[in-house]
Amino acid sequence: MSGVSVSASSGRRRGDLDGLRGVAIALVAVFHIWFGRVSGGVDVFLVLSGYFFGAMVLNRALAPGVSLSPLPMLQRLARRLLPALIVVLGGAAVLTFTLQPQTRWESFADQSLASLGYYQNWYLSAAASDYARAGEAISPLQHLWSMSVQGQFYLAMLAVTLGLAAVLRRFVGSRLKTVFVGVFAVLAAASFWYAIVAHGEHQAGAYYDSFARAWELLAGVLAALLLTRVSMPMWARTAAAAVGVVAILSCGALIDGAQLFPGPWALVPVGATVLVIAAGAGQPRHEPAPLRLLAGRPAVALGAMAYSLYLWHWPVLIFWLVHTGAPRVGILDGLGVLAVSLVLAYLTTRLIENPLRHPDSAGDADRAARVWVWVRRPRFALGSAVVLLAVSLAVTSFAWREHVVMQRAKGHELAQLPERDYPGALALTNRIRVPQLPMRPTVLEARDDIPATTLDGCISDFVTVELINCIYGDPDAVRTIALAGGSHAEHWITALDTLGTRHGFRVVTYLKMGCPLTTEMVPTIAISSEEYPQCHEWNRRAMDKLLTDRPDFVFTTTTRPNADEPGDLVPEAYLGIWDTLSANGISILGMRDTPWLIRDGRLADPADCLSRGGDSVSCGVKRSWALSETNPTLDLASYYPLLHPLDMSDAVCDETDCRVTEGNILVYHDSHHVSATYMRTMTAELGRQIAAATGWW
1 MSGVSVSASS GRRRGDLDGL RGVAIALVAV FHIWFGRVSG GVDVFLVLSG YFFGAMVLNR
61 ALAPGVSLSP LPMLQRLARR LLPALIVVLG GAAVLTFTLQ PQTRWESFAD QSLASLGYYQ
121 NWYLSAAASD YARAGEAISP LQHLWSMSVQ GQFYLAMLAV TLGLAAVLRR FVGSRLKTVF
181 VGVFAVLAAA SFWYAIVAHG EHQAGAYYDS FARAWELLAG VLAALLLTRV SMPMWARTAA
241 AAVGVVAILS CGALIDGAQL FPGPWALVPV GATVLVIAAG AGQPRHEPAP LRLLAGRPAV
301 ALGAMAYSLY LWHWPVLIFW LVHTGAPRVG ILDGLGVLAV SLVLAYLTTR LIENPLRHPD
361 SAGDADRAAR VWVWVRRPRF ALGSAVVLLA VSLAVTSFAW REHVVMQRAK GHELAQLPER
421 DYPGALALTN RIRVPQLPMR PTVLEARDDI PATTLDGCIS DFVTVELINC IYGDPDAVRT
481 IALAGGSHAE HWITALDTLG TRHGFRVVTY LKMGCPLTTE MVPTIAISSE EYPQCHEWNR
541 RAMDKLLTDR PDFVFTTTTR PNADEPGDLV PEAYLGIWDT LSANGISILG MRDTPWLIRD
601 GRLADPADCL SRGGDSVSCG VKRSWALSET NPTLDLASYY PLLHPLDMSD AVCDETDCRV
661 TEGNILVYHD SHHVSATYMR TMTAELGRQI AAATGWW
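Counting from 1, position 36 in the sequence shown corresponds to residue 36 in the UniProt record's numbering; the numbering is continuous, with no gaps.
Just to be clear, a hint being listed does not mean it is correct.
[Unchecked claim] Below 16 angstroms or equal to it, Euclidean Cα-Cα: the simulated EDC-like pairs (lysine to aspartate or glutamate) are: (1) Lys-622 to Asp-600; (2) Lys-622 to Asp-650; (3) Lys-410 to Asp-448; (4) Lys-622 to Glu-572; (5) Lys-622 to Asp-654; (6) Lys-622 to Glu-565; (7) Lys-622 to Glu-655; (8) Lys-622 to Asp-657; (9) Lys-545 to Glu-655.
[Claimed, not checked] Pair by pair, the computed Cβ-Cβ distance ranges are: (10) Phe-211 to Ser-250: 48 to 54 angstroms; (11) Leu-634 to Met-406: 46 to 52 angstroms; (12) Gly-601 to Asp-650: 25 to 31 angstroms; (13) Thr-524 to Asn-584: 38 to 44 angstroms; (14) Thr-98 to Arg-541: 45 to 51 angstroms; (15) Arg-379 to Val-172: 40 to 46 angstroms; (16) Asp-650 to Gly-325: 30 to 36 angstroms.
Rather than coming from a laboratory, the hints here were simulated on the basis of the structure.
We put the beta carbon where it would ideally sit given N, CA and C, even for glycine.
Please construct the entire structure, taking both the sequences and the accompanying hints into account.
Given below as structure tokens:
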């Protein structure tokens with residue numbers, strides 16, 4: 001998104017590439033605001049960034065006798081990238097404090113630091129593999145992943161290019177350019193291969209991966225190296241420009257980039273951008289018509305503030321949705337979001353970017369913005385204000401994170417809460433009186449109130465297909481219950497571990513994030529509906545191991561919520577698992593899934609809702625919506641004599657409501673997983689049902 005649109009060969013200004021940036025940012029904003037899709041515009045920016053930055057660094061490296069110190073280029077990058085970013089982060093921080101609940105402040109603090117440190121993409125990549133954070137609301141800083149990718153690439157490009165030049169320039173002379181072509185071609189091919197592999201293994205994580213994105217920037221670098229003296233007839237230039245522009249304009253409508261990038265389909269926007277670069281390369285006597293359109297005043301003006309517009313449009317959109325509570329914008333409020341973003345981008349470009357990026361032209365910027373008195377102050381004062389804002393952001397982010405850490409340090413108390421004060425599920429099952437006391441875990445403690453299996457690394461993550469077996473309960477016992485499936489089977493480990501120790505059986509885990517026991521050939525992740533091929537392979541391995549180990553019982557979930565209609569159901573793909581286990585004489589403890597907090601078709605986080613002022617009922621769901629009148633598993637139990645249905649719904653919901661707090665304890669640590677603290681209070685009722693099913697005590 002940054003760079004100066006100057007030809008890599010001649011030094012002439014490429015107005016068409018300024019305009020292409022304008023078209024790209026328009027596509028990004030329009031598709032984000034109204035369609036919720038990836039347009040391919042970011043991929044265009046990545047190629048252009050590689051082209052212009054690569055040309056700048058390579059020109060220095062290939063020029064005999066020119067200093068190879070990276071400091072001038074690093075200073076130029078800092079002036080270009082940091083001021084606008086810091087201002088946007090400051091504005092987003094104010095809006096987060098004003099509009100968002102406290103439960104969102106920690107994530108914002110983490111991502112602010114990640115954005116300032118240019119590792120936001122790795123933060124998001126890790127979050128995409130972390131089931132505990134998979135349901136988090138979309139961040140107002142999520143779009144800054146591409147800034148981090150570019151920043152990391154710039155540093156790597158400087159190190160590789162200047163390092164090779166320092167070592168080889170005196171030995172290879174004029175052949176240094178050929179060396180660069182070979183090195184960057186190999187790196188681009190390796191990155192593209194890695195992108196294909198990573199995309200197949202875990203697309204959500206690969207989307208933010210610097211190594212999976214590097215080939216797009218390297219395509220721009222290779223264009224700067226190889227297209228310096230292109231000689232193409234006008235018809236070829238026109239065709240290349242037309243095909244490139246049409247492909248870029250149609251990419252968002254025809255390709256679902258959020259699901260298909262950075263795999264092979266990203267070749268469409270990347271290749272299209274290279275075509276446009278090629279169409280205007282060299283010294284053409286006349287520009288092709290598509291390039292003249294790109295070089296028109298509207299597109300060029302938009303391109304001039306593309307960086308600031310990219311920074312602003314996403315947080316403006318997200319905070320507007322937070323304010324309205326709507327899942328998406330309409331035509332009119334979308335136009336409002338776009339208009340506000342354009343105004344903020346214009347002001348940021350004229351009052352922040354240009355004065356600090358072009359010191360010599362600061363006077364022009366001052367005269368253009370004479371109405372703001374503070375702009376007429378020396379450039380040093382403006383730069384100092386930006387630095388002070390950056391320091392303030394870093395200090396407040398670290399301070400809030402430390403505050404949250406101190407709050408969660410009390411989490412060890414959760415395992416010893418007195419039953420008389422915090423009866424939890426016993427308030428429903430045993431009608432125990434509930435005193436008036438503060439809820440535990442608190443909304444800030446909830447995120448870490450998770451099962452021991454997650455903390456112990458005893459659940460396979462989204463990427464791996466390896467089976468992880470851990471033993472809980474009584475490890476020396478002869479009798480065994482296999483806890484198998486996804487995280488909705490996992491959260492029962494807290495109670496099963498206690499019961500195993502108390503009644504002499506061991507619990508062996510066969511768990512994978514977001515992956516219930518199923519025969520579905522193409523499973524999907526419930527939250528995102530993203531295809532999940534690792535789940536199918538893991539299921540194959542888990543079932544083979546279960547049949548080999550032959551536990552006394554397999555404890556697994558037997559139902560799922562009906563996302564679009566009231567009630568819950570038994571997925572058809574679960575039946576194949578029951579058939580296989582039954583055919584091998586393995587009994588099943590079939591647990592009805594706990595209610596999910598789904599409202600208006602979206603998962604609702606109870607900690608967020610409570611911190612916004614909601615109460616236990618308003619933040620929960622109606623039982624009639626979350627659960628069918630009877631357990632759907634019972635309709636099939638007669639066909640499976642070895643299936644023993646378990647149903648803990650009455651330990652979570654009363655006759656009418658599934659509240660988010662019971663007996664002074666927060667029921668859920670997120671929108672659909674029971675907190676470990678509440679699960680401890682369900683142990684007695686779970687033990688009663690397992691005893692009836694197994695006859696062990």
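Against the structure, the hints come out as follows:
1. Lys-622 to Asp-600: 12 angstroms, holds
2. Lys-622 to Asp-650: Within the cut-off at roughly 13 angstroms; holds.
3. Lys-410 to Asp-448: Roughly 11 angstroms between the alpha carbons, so the hint for Lys-410 and Asp-448 holds.
4. Lys-622 to Glu-572: Violated. Lys-622 to Glu-572 sits at ~25 angstroms, over the 16 angstroms cutoff.
5. Lys-622 to Asp-654: 10 angstroms, holds
6. Lys-622 to Glu-565: 13 angstroms, holds
7. Lys-622 to Glu-655: Holds, at about 9 angstroms.
8. Lys-622 to Asp-657: 5 angstroms, holds
9. Lys-545 to Glu-655: Given pair Lys-545, Glu-655 is violated - Cα atoms ~40 angstroms apart, limit 16 angstroms.
10. Phe-211 to Ser-250: 48 to 54 angstroms: 28 angstroms, violated
11. Leu-634 to Met-406: 46 to 52 angstroms: 47 angstroms, holds
12. Gly-601 to Asp-650: 25 to 31 angstroms: About 26 angstroms separates the Cβ atoms of Gly-601 and Asp-650, which means 25 to 31 angstroms holds.
13. Thr-524 to Asn-584: 38 to 44 angstroms: 28 angstroms, violated
14. Thr-98 to Arg-541: 45 to 51 angstroms: 49 angstroms Cβ-Cβ, so the 45 to 51 angstroms window holds.
15. Arg-379 to Val-172: 40 to 46 angstroms: With a Cβ separation near 42 angstroms, Arg-379 and Val-172 satisfy 40 to 46 angstroms, so the hint holds.
16. Asp-650 to Gly-325: 30 to 36 angstroms: Holds - the Cβ-Cβ distance for Asp-650 and Gly-325, about 32 angstroms, lies within 30 to 36 angstroms.
Of the numbered hints given earlier, the model fails hints 4, 9, 10, 13; all others are met.
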